[in-house]
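Protein chains in written order, with the working numbering: chain A, 45 to 728; chain B, 9 to 327.
Check the hints yourself; a few may be wrong.
Pulled a few chain B residues facing chain A out of the computed Cβ check, cut under 7 Å [what the hints assert, rightly or not]: (1) Ile27; (2) Leu54; (3) Met57; (4) Ala69; (5) Val72; (6) Leu75; (7) Ala98.
Have a look at the derived ranges for each label pair, beta carbon to beta carbon [what the hints assert, rightly or not]: (8) A:Leu662 x B:Ile27: 17 to 25 Å; (9) A:Leu113 x B:Ile59: 26 to 34 Å; (10) B:Thr269 x A:Ser698: 52 to 60 Å; (11) A:Leu174 x B:Gly135: 53 to 61 Å; (12) B:Gly51 x A:Pro499: 44 to 52 Å.
Partial list, derived from the structure: chain A residues whose beta carbon lies under 8 Å from chain B [said to hold, decoys possible]: (13) Leu165; (14) Leu192; (15) Leu618.
Keep in mind that the hints were calculated from the coordinates and are not lab data. The beta-carbon is built from N, C-alpha and C at its ideal position, and this holds for glycine as well.
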Amino acid sequence: MSSPARASPPALKPLAWSTAAFLGGVLLHFERLPLWATATAILCAAWSLAGHARRVRLPGRSVKVVLALALLAAVVALFHTLNGLQAGTTLLTVMGSVKLLETRTRRDRYILIGAGIYLLLAACLSRQSLLYAPLYAADAWLCCSALLAAAHPDSSLGNRAAVMLAARSLLLALPIGLIGFLFFPRLSGSLWALPDSGAALTGLSDSLTPGAISDLSESSRPAFRVWFDGPAPPPQERYWRGPVLYDFDGATWSRPPPWSFWPEMRRASMRPAQAADSARPSSTAHRYRYRIALEPSSEPWWLGLDTVVSAPPGARLTADHVLVGDGPVTHPITYTAVSDTTMRRARPLTPLTLRRDLWLPPRRNPRSAALARRLRRRAGSDAAFVQAVLDYLRTGGFEYSLTPARLGKNSVDEFLFDTRRGFCGHFASAFVTLMRAGGVPARVVVGYLGGEWNPVGRYLVVRDSDAHAWAEVWLDGRGWTRVDPTAVVAPERLYRNIDSFLPNAASASERLVLEVPWIGAVGNAWDAANAWWSDDVVGFNSRSQLALLKRLGIAAPKMLDLVWLLALSLVVWLAATAWRLGRLPHGARPDRIARSYDRLCRKLARAGVARGADQGPLAYADSIARRRPDLAAIGRVLLARYAELRYGSLASGSRERRLADFERAVACWRISPRSKNARASRGK
Amino acid sequence: MRSLLRRKMAAWILARQGIDRIPLTLLRRRLYVLPTRAGAGFGLLLISMLIAALNYGNSLALLVTCLLGGLALVAMHQCHRNLLELAITAAWTRPAFAGERGSLALTIANESSLERHRVQIDVSSGGTASVDLPPRCTRRIELPVPAPRRGLVRIDRVRLSTTYPFGLFRAWTWVHAPLAMTVYPRPRGARPVPALAGAEHGHTDSHGVDPDEWRGLRAFREGDSPRQVAWKAYARGAPLLVKEYAAAAAAKRLFEFDALTGLDTEARLEQLARWIVDAEARGESYGLVLRTARLAPQRGPEHCRRALTALALYGTGAP
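The whole structure should be built from the sequences, with the hints applied where relevant.
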């Protein structure tokens with residue numbers, strides 16, 4: 045019935061451990077991997093364990109080859125590449141699953157654990173939230189325990205002891221982790237171009253379609269956090285400026301695409317701001333210096349308080365005062381910026397930019413255009429026209445709503461004359477359309493408004509749900525001026541979060557946070573911890589390293605100083621660890637048996653019977669019997685006891701007792717002078 | 009090339025450490041540590057992880073990588089510590105007949121209260137064994153050593169090593185103790201046993217023991233043949249006694265090397281070994297006459313050992 049037993053069945057314990065290490069790595073990616081990949085890993089693990097426990101047959105070579113090729117094909121079909129974090133993770137998962145089916149030797153087990161460790165690394169690369177940190181630590185612990193179990197399956201080390209030993213080893217290694225984290229020189233860029241992570245990150249979009257519902261994020265995910273050097277600006281000044289949108293096709297606002305048929309215009313819009321463009325007021329009362337910790341997003345925008353004066357290192361300031369990084373913000377970054385809320389941006393318009401800022405799609409929104417022309421005729425100036433439009437919006441029965449109706453091609457007409465319900469995007473879009481139709485250069489700005497003060501961390505947290513859109517109009521003599529039509533309709537929007545004045549929009553849990561004070565406090569503490577995590581841990585970069593060096597007292601820190609510090613702390617750690625692990629518990633004292641034996645031999649040598657270098661204890665006893673018969677009896681007993689202690693296999697308990705007896709006996713034995721005299725007289 | 013390197017290395021280590029005296033405590037100076045193959049693989053894994061972490065500019069990944077790098081360094085120290093201050097309190101060899109396996113026995117003592125795991129002992133020319141040592145404990149380990157030819161098998165060096173706990177590093181030490189295993193000649197040959205002492209040459213009476221010449225019982229001595237034990241008395245509760253016969257007490261034979269004419273040296277030694285083993289099994293007394301040595305007739309395991317050792321070392325120049 046049963047197949048003939050092989051010579052040595054592979055031990056199940058190390059296999060189970062290495063499988064657990066691999067599966068742990070796979071499960072870290074549970075929500076990012078395709079479900080079939082996770083399922084494959086789990087099924088293969090079950091198959092492998094059952095096969096090694098002799099419950100089922102393991103697949104043959106051809107089945108494994110077919111399986112591996114099929115899985116490879118599935119990965120390629122899904123991602124169209126094997127490059128990139130997600131495709132690579134999936135590939136590692138499925139190939140590791142096939143490897144599970146042929147894990148026999150220690151080497152196979154090591155490979156599985158290595159795959160598990162690499163999956164842990166991939167998890168760190170793809171998600172760095174504080175929430176996952178304990179999971180990552182636990183997985184590292186699991187991998188180390190598995191390494192112990194896989195290395196020495198037949199040692200007397202039990203599972204529990206292995207887990208504890210892994211924990212102790214990791215704690216001993218933790219200083220090295222921190223040293224490397226603090227002092228390992230970071231690259232300023234990448235060694236090679238990073239493939240798109242494929243993650244659907246939220247962020248400020250560079251287009252705005254008021255007609256589509258999904259534009260408004262209700263997520264409370266933090267977008268960024270701000271620490272002010274001095275007092276925070278008043279709530280009505282907390283406009284965080286993102287991309288500026290110019291192009292309008294009747295439904296969607298967007299930035300001029302790179303393939304825009306107005307190349308000069310695009311150049312102009314991306315041209316770095318020049319000092320001459322903006323006339324700065326002499327007062328610094330409205331100047332704010334702050335540090336922003338930006339969470340990853342799919343966009344290159346670095347947010348800043350309206351209006352950013354100069355670009356922080358790593359970003360550039362475009363002509364329309366937008367901070368742009370080199371590429372999408374793939375991992376948390378921190379930067380310091382200076383803004384002036386009263387700065388005038390009065391760069392004269394060129395014919396090209398004027399055309400851009402006045403452009404409207406032809407034959408769209410005709411009723412709005414008519415309204416704008418009517419209002420402009422009545423108004424004496426551009427400024428009065430702006431005020432007239434705002435008045436129209438305030439008194440026209442408009443209503444702020446997170447769930448407005450869908451809009452069609454003439455979105456502005458439908459919103460202004462039919463639905464009259466909308467959120468910031470609707471108002472900004474309608475306002476800019478009216479402005480342009482009335483001959484005033486105008487544009488839409490996307491960004492964030494407000495933010496929530498965290499008293500624990502003393503910072504402002506701005507969430508995805510704080511996303512906002514407003515307008516900027518060009519007024520002669522004042523330059524570009526911010527106008528927020530939404531604030532006219534729903535002034536509360538300036539002072540409170542969306543959730544608090546639209547209770548039915550907030551989720552139950554968020555309302556709980558708002559209503560129960562201590563939960564709010566816990567929430568604040570949690571967000572502060574998150575802020576610390578993403579700012580000081582995940583966002584720790586070469587700039588932070590240089591700042592750290594400065595704080596350590598190095599006046600002009602260079603990257604080379606980091607290398608020295610790294611080497612120095614590594615040496616210190618190695619010395620400390622060598623010292624700590626080089627001291628054995630109770631092991632450093634000299635051998636008690638040898639000490640007493642030496643003492644015995646010295647006593648006998650003084651009595652004239654020195655031990656020959658070639659004599660073992662028993663031969664020594666014989667020679668004593670020949671040369672000093674009077675010492676023979678006790679000498680033989682002591683030497684035999686020594687031989688027993690030294691060479692016998694004694695249980696540790698009785699050994700201790702006998703050793704103590706031996707030491708006492710050696711200490712108390714006095715070689716009497718009478719024997720010496722007797723020997724001396726016989727010698728004569 | 010590789011074996012040359014190994015020889016050079018061995019010579020260097022021998023010159024560095026000198027010949028060891030047992031008992032011997034393994035101190036830092038004589039412990040060596042290098043990564044194993046798995047350790048080298050782990051190193052490659054760490055390097056690729058480091059590159060990935062740096063390339064992604066990801067601090068968390070760098071932290072994990074450095075943590076695992078630190079773990080490897082800790083593993084190195086732990087591996088070293090697993091051997092540190094172990095003591096070899098005794099080492100001796102068990103002789104064997106040519107073609108069989110002898111053994112090297114070691115007692116290893118763990119004086120500390122640290123538990124030692126998977127200490128592996130290899131003999132340069134023989135077997136390998138692994139041992140776990142609980143705190144304050146002595147273990148005796150026997151390693152098989154092949155005995156191909158009569159003479160002395162020198163055990164140049166013994167290696168104690170360990171890859172515990174993570175298998176990423178191997179710590180080891182070489183012990184060069186003056187150890188040699190005696191290999192007796194293989195007992196072989198069909199020449200008739202020489203006559204009892206006093207009898208003339210040619211008169212062979214290999215079974216000259218008359219079982220009826222009963223002399224009495226005496227106390228058991230180490231080396232008495234089980235056939236002579238008074239098992240019935242022992243079963244009744246008496247101490248272990250041996251039946252002594254007049255003939256057995258008197259039987260003495262002299263095995264002479266030069267009497268074996270017509271055979272070469274090895275064959276003569278084999279024949280002598282055959283006789284000695286047989287006589288010892290029968291409980292007879294026997295003497296041995298070689299050109300270099302002479303053993304008076306006696307019996308017992310100690311005598312047997314001396315006789316066989318004399319055969320083993322015959323002509324080898326060893327004392």
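Hints and how they fare:
The beta carbon of Ile27 of chain B comes no nearer than 13 Å to any beta carbon in chain A, farther than 7 Å, and the hint placing it at the interface is violated. The interface hint given for Leu54 of chain B is broken, as the beta carbon of that residue sits about 9 Å from the closest beta carbon of chain A, more than 7 Å. For Met57 of chain B, the shortest C-beta to C-beta distance to chain A is roughly 5 Å, which falls under 7 Å, so the interface hint holds. Contact between Ala69 of chain B and chain A, as hinted, is supported at the beta carbon level, the nearest pair being about 4 Å apart and thus within 7 Å.
Taken as an interface hint, Val72 of chain B checks out: its beta carbon lies about 5 Å from the nearest beta carbon of chain A, inside 7 Å. Because the closest C-beta pair between Leu75 of chain B and chain A is about 3 Å apart, less than 7 Å, the hint holds. Residue-level restraint check for Ala98 of chain B holds (minimum Cβ-Cβ distance to chain A is 5 Å; threshold 7 Å). One distance hint, 17 to 25 Å for the beta-carbon pair Leu662 of chain A and Ile27 of chain B, holds here, with the actual separation near 23 Å.
Distance hint for Leu113 of chain A and Ile59 of chain B: a CB-CB separation of about 29 Å, consistent with the stated range 26 to 34 Å. Here the CB-CB span from Thr269 of chain B to Ser698 of chain A is close to 58 Å, well matched to the stated 52 to 60 Å. Between Leu174 of chain A and Gly135 of chain B the Cβ separation comes to about 55 Å, which falls inside the hinted range of 53 to 61 Å. At about 48 Å, the beta-carbon gap between Gly51 of chain B and Pro499 of chain A stays in the expected band of 44 to 52 Å.
Satisfaction of the interface hint for Leu165 of chain A is found here, the shortest Cβ-Cβ separation to chain B being roughly 5 Å, below the 8 Å cut-off. For Leu192 of chain A, the shortest C-beta to C-beta distance to chain B is roughly 6 Å, which falls under 8 Å, so the interface hint holds. The beta carbon of Leu618 of chain A comes within 7 Å of a beta carbon in chain B, closer than 8 Å, and the hint placing it at the interface holds.
The structure fails to meet hints 1, 2 from the earlier list, while all remaining hints are met.
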